Structures are given as C-alpha cells and as structure tokens.
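Order-wise, the sequence lines are chains Y and G. Under the numbering used here, think of the first position of the first sequence as 13, with each following residue one higher. Under the numbering used here, think of the first position of the second sequence as 1449, with each following residue one higher.
Be a bit skeptical, because a hint or two may be false.
Said to hold, decoys possible - Calculated cross-link-like contacts (lysine-lysine; reagent style DSS-like; alpha-carbon spacing at most 25 Å):
no.	chain 1	residue 1	chain 2	residue 2
1	Y	K32	Y	K233
2	Y	K32	Y	K274
3	G	K1705	Y	K86
4	G	K1705	Y	K90
5	Y	K233	Y	K246
6	Y	K29	Y	K230
7	Y	K47	Y	K127
8	Y	K90	Y	K32
9	Y	K274	Y	K47
10	G	K1705	Y	K233
11	Y	K82	Y	K142
12	Y	K47	Y	K82
13	Y	K274	Y	K241
14	Y	K274	G	K1705
15	Y	K127	G	K1705
16	Y	K82	Y	K233
17	Y	K29	Y	K47
18	G	K1705	Y	K29
Claimed, not checked - Only some residues are given here: those of chain Y computed to face chain G with a beta carbon under 8 Å:
no.	residue
19	H85
20	L87
21	K90
22	A125
23	L198
As the list claims (entries may be wrong) - Derived list of chain Y stretches under chain G, where covered just means 3 residues or more per stretch with a C-beta under 8 Å from a C-beta of chain G:
no.	stretch
24	104-113
25	117-124
26	247-259
Don't read these hints as lab results, they were simulated from the structure. Quantities reported herein were computed from a predicted structural model and do not represent experimental measurements. Built from N, CA and C at the ideal position, the CB exists for glycine as well.
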Amino acid sequence: MSQSDTVSLGAEALTLKHGKTTIIEGLDIRLPSSKVTAIVGPNGCGKSTLLNGLSRIHAPSGGAVLLDGKNIHKLPSKEVARRLALLPQDTIAPDGITVSELIRFGRHPHQSALKQWAMSDQEAIDYALKAADLSDLQARLLDTLSGGQRQRAWIAMSIAQETPLLLLDEPTSALDLGHQIEVFELIRELSEEGKTIAMVVHDLPSACRYADHIVAMKNGKIITQGSPKDVMTKELVMELYGVECDLIPDPMTGSPILINIKRVKS
Amino acid sequence: MMNSLSTTSTQANVPQGYVNLTVGQLSCLLDRRALRRNLLLLGLVILASIASLAIGTVALSPWQVIQALFGYGDALSQFVVQDLRLQRLLAGIYTGAAFSLAGCLMQTLARNRLATPGIIGIDNAAMAFAVSSVVSTAISIAPSAMALAGAATATALAFGLAGSSGTRGYRFIVAGIGIGAIAGAMTQLMLSQVDIDTANAAYPWTVGSLSARPELMVNILGAGLLFCLIACLLLTHLFSLLPFSDAVITGLGSSTKWLRLSSLSLSIILTGLAVAVAGPVGLVALIGPEMARVFARYRGIPLIGSALAGAFIMVVADLVGRTVLSPIELPVGIVTSVVGGPYLIWILIRQRSKSTI
C-alpha cells in the first residue's frame, strides 16, 4: 500500500476567508509524517476552516496548500483523492445504503465509468472492513447503526480510499465516551500503520492522549505547536479558553490531564 | 499490509447482488436486481405500446399490429398503425421518458423527492409561449417551436437572475419558481382576453396533450433523449455521488460544480424538448422516478428505470385518455394528474406504514 511512501501536506502563507471576513491570514503549517496531529482551540478560532483549507474544500484567498510540494488546487482532484482522504463534519449518506456500499464509495477515486470494479477494490474494501472491525455489520443499513459504528463506517470508507493522508473534522463530536474511545483507538491504529493524520478535536485531554503533535490555534493563528507534553501548560489553557486549571500527568499513560478547572472571574 | 488477506482466485469478488461486465481492462458493475426489474419495465412499455397501437376507432389484433409495424399485413392496418398511431405512440414514449428522467435528475440534485423541473418554471414558460402563439394570430404559428423558445427563455432567465447555480442549485430554483409564476399568470391573462374558440384551441397547451405533435419536434426530442440517455449511462458512476454532501464529493475527487451543472443541464434539455412536444404534462416527473424507486428497488439513482417508468405511464395515460370517453379525447395531462395524484398518495401511505413498524 502507498502508505509507506512519505507524503507531505502543508501550507505556506495561507489566507482563508469566509466571504469578506478573514478567518486565517498568512498561516504556515506542515503536518509531521506518519503522526497524528490534533488541531485544538476555542470555538471560532479557525481550526475547522484550516482543515477545510488543507483538504481543498475551502479555496484559499492567498498562499497555497502544498501536497508533496505542489499546489493542491493545481492538481487534478481525483489524483489528490488518491493521496488524501477526508472525513468532513456533515456526512449525509444516500438513503438505504448499507455499510459495505458506503465503504465502496471510498474506491471512487480509483475507478471510472469504464473501470468500475477490480481486484484491488475488493481487497481495499475487505481490508477497511477488517481494520474498522465492521465485517459483521457490512450488510447492515447505515441508518440502523449506533453513532460510533456509523462513524467507524465513514472512517472505513476513507480507509478504502487507500490514501497516505487522512484529515478528520471533529470525528468524535457527537459520540459518547465509549464510542469516542472506539474512534480514537482506530485512528491510532491507522497512524501506527503509517498514515499521516490530522484531526480537529474539541476535547483537550483526548487530543493530548491520542495525538503525537498538537497545533493550538486562536484567532486564526497558531499560538504554539509540538508534542502534548511540551505544549500543554496551564498558561496555554488559560490563553485558549480563558479558564484556570492544573495539569497532572495521567498515572497510566503520562499524558496531561486537566483538573480543578474554573472560570476566571473578572 | 494486504498479505493477511491473500486471495487465491484471480477473479475479483463482485459485491453481492451485482454483475461485473468485463471487456479486457474495462469493467462495469450492474445491479442485478435493478437489471431484472428494468427488463420487466421494458416489457411493460412494449406491451402498453402494442395495446396503444391496437386500440382505437379501428380495432386491431396485437398480431396485426406487429405485422403492420414491420410492413406486412393489410393496407388498412398498415395505414392505421404507421401513419395514424405510431407517431403519437413515439411522442408518448419520448415525452414520458424525458419528463421522468429529468425529474429523477432534479430530485437527486436537490436531494428532495418532490423536486421536478416544473418547479423551476420551464414548463410554465413553454406553456405561456405556446399559448401566446395560439391566441395572437388567427392561424397559430408553430406553438411547438414557441414552447421550445419559452423553455429556453425561462432557463436563460433563471440562470441569469441566479448568477450561478449556487448551493445545490437553490438560487437557480428560487429564480425559476418566480419565472414560472409570472409565466403562469401571463397565460391566464391571455386566455381571459380572447374569445372562447381561441381559448379552446390553446387549451391543450395548458394541460399537456399528445394531440398536437409536429413530426419534426418529435424527432428532435427522440434525438435529444437518446443523447441524454447515453450521457446518463456514462455519468451514472459520477452521479451516484450526488446524494453526498459537497465536502464528501470533493473528498472523493469529484467536482461538485461540474456534477451539478451537468445534471441540471441534462434535466433542462429533456424538459425543454418534452414540453415542446406535449406541453406541461402533470406529475410524470414525480410519479415516474417514484415508480422506478419502488418497483426497481434501486440501490443507486434509478435513471434508466425512471425513463422506462415514465414512458410506460405516458403511453398508458394517453391510451386511457383516448379511449375512456371516446369519441371525446381527454388530454394526457389530465389523465396523468387524475391517476398520478392517488398513486402518489398510495406510495406515501405504503411507506409510512412500512417505516412505522
């Protein structure tokens, strides 16, 4: 699989606007290869916009997103889709679709009107079903699954896309704790197989626990980035969210945990 | 990484329920169930066609019809079939297929099963132009050509006013609704200002009818339909992405803009040509795709099924309209509305009872 090839995704002097409002201006970023990057920050800091910019959903007003050194908007979209998979926040599926049918759509960038099915498609789908632990559910209708299973099915679709890069926009936002862990552990497994992953995450402790690299954003700028242990300080939490807290290392994993969180009284 | 999943056979496993047609490096996946149901629909269209050619003031047997179609049999049946009835049958098949296929495309594009090309005002504008040509001069000047001009004008206006196709074509649809309303009002105004005979002559254009069907226009529609069907077949694989959100479509490497523009254009071409032949025929664009969905139980978008179902509905409706109150002829648009309304309600009830279990 192409995941062993090193693929790089980054942006130079990236400016992203919603209409006339500038969300992000002159931002530089580079995703570390074969690592999980978590983009964190308060609501409205531009983290989803950045992810959409990196995944070519949102066209830049200035600067460029570079995939392997080439401007992503100059590359054929289908070629990009063979290197970069995306799990957006609004996932609407066709009515009455089954799990395996959804996953089959992940093969779209590898197919064409006259080349709709090949051995490699079957292999990729089988692999995705296995990786996302959905083999028993493959014939089920997507609507009948639990939230966590459904999210796993969408991730399986991007696994079937066989891309070395995977971008996820709040993959666990509507899930309960058990299902969140299910999804995060799947993401970890994918990264251990060599995928370069970036995700927008709301929950700071989860970001610290499951990401190798944290990108902290505020007002459209990257304030700091690095490994969770280096980056995560009470000062950063204060700056991002305006709350006071203390940080202690998780006795089992060593990743930072937030305790004693309180609002700052002005 | 794939080593754990070694497969010994060289033939790829095809997803359950599909047939893989392969020619060399080319392969095409066909939904087996849909294929069977579509063949069945095709059979229904053929049966309805034979019935439509056989039944009328001069009654023929199915065998006589088939003989006459291929140039055998007696002179009378050949004349009745080939010169009197065949053109009308073709007009029915073409318009039904075109309306229904256009509806299916529109519903997929708008992600709404109630969307039809009618809501964007194409058929109202075609009606207004056709009526204007009937009422303005003593001898009507080619109402068909006027209808086509009306459809084109409405489309151009809607595109111009909307500026772009916008998110899922909504801007375009809203502009179209406005244009359709104006065209509808103009038609009413014209009909209220003329004498009763002229209004009568213009009447078929307001409900949809197959009785005024210039041969040239029918042939143009036939060619247009063929083009659109081939385009749909080639694009089915891409169109299957339409129900997804824009971000997913982009993520899978397709252009949402192009998908929207191509499906909208095909839908407009089909509707424009069909209204030029038959006027605004009610509900076929809604019932055809619905029938294809229920009957063919497609997993994808029922493009071909819709075309077949639309043709069937139109041929049967015209047959009913010609015969039920014979010698008075009911315009086909009235029959599709009278029969189509209850059919839609039946589908709704059926689905509700299924989903409440």
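Against the structure, the hints:
1. Y:K32 - Y:K233: Distance ~18 Å between Y:K32 and Y:K233 Cα, so the pair holds.
2. Y:K32 - Y:K274: 36 Å, violated
3. G:K1705 - Y:K86: Distance of about 16 Å is within 25 Å: holds.
4. G:K1705 - Y:K90: The hint holds at about 14 Å.
5. Y:K233 - Y:K246: Holds, at about 19 Å.
6. Y:K29 - Y:K230: 16 Å, holds
7. Y:K47 - Y:K127: Measuring from Cα to Cα gives roughly 33 Å; hence the hint is violated.
8. Y:K90 - Y:K32: 29 Å, violated
9. Y:K274 - Y:K47: 32 Å, violated
10. G:K1705 - Y:K233: Cα-Cα ~31 Å, so violated.
11. Y:K82 - Y:K142: 33 Å, violated
12. Y:K47 - Y:K82: Holds, at about 21 Å.
13. Y:K274 - Y:K241: 22 Å, holds
14. Y:K274 - G:K1705: 47 Å, violated
15. Y:K127 - G:K1705: Given that 25 Å is the threshold and the Cα spacing comes to 23 Å, the pair holds.
16. Y:K82 - Y:K233: Answer holds: Y:K82 to Y:K233 is near 23 Å, not above 25 Å.
17. Y:K29 - Y:K47: Violated: Y:K29 and Y:K47 sit about 28 Å apart, past 25 Å.
18. G:K1705 - Y:K29: 20 Å, holds
19. H85: This hint is violated: Y:H85 lies away from chain G, its Cβ roughly 11 Å from the closest one there, beyond 8 Å.
20. L87: Violated, because the Cβ-Cβ distance from Y:L87 to chain G comes to roughly 10 Å (cut-off 8 Å).
21. K90: 4 Å, holds
22. A125: 5 Å, holds
23. L198: 15 Å, violated
24. 104-113: Three-residue rule met by the stretch 104-113 of chain Y, so holds; n is 8.
25. 117-124: holds (count 6)
26. 247-259: Contact hint for the stretch 247-259 of chain Y vs chain G: violated, 0 residues under 8 Å.
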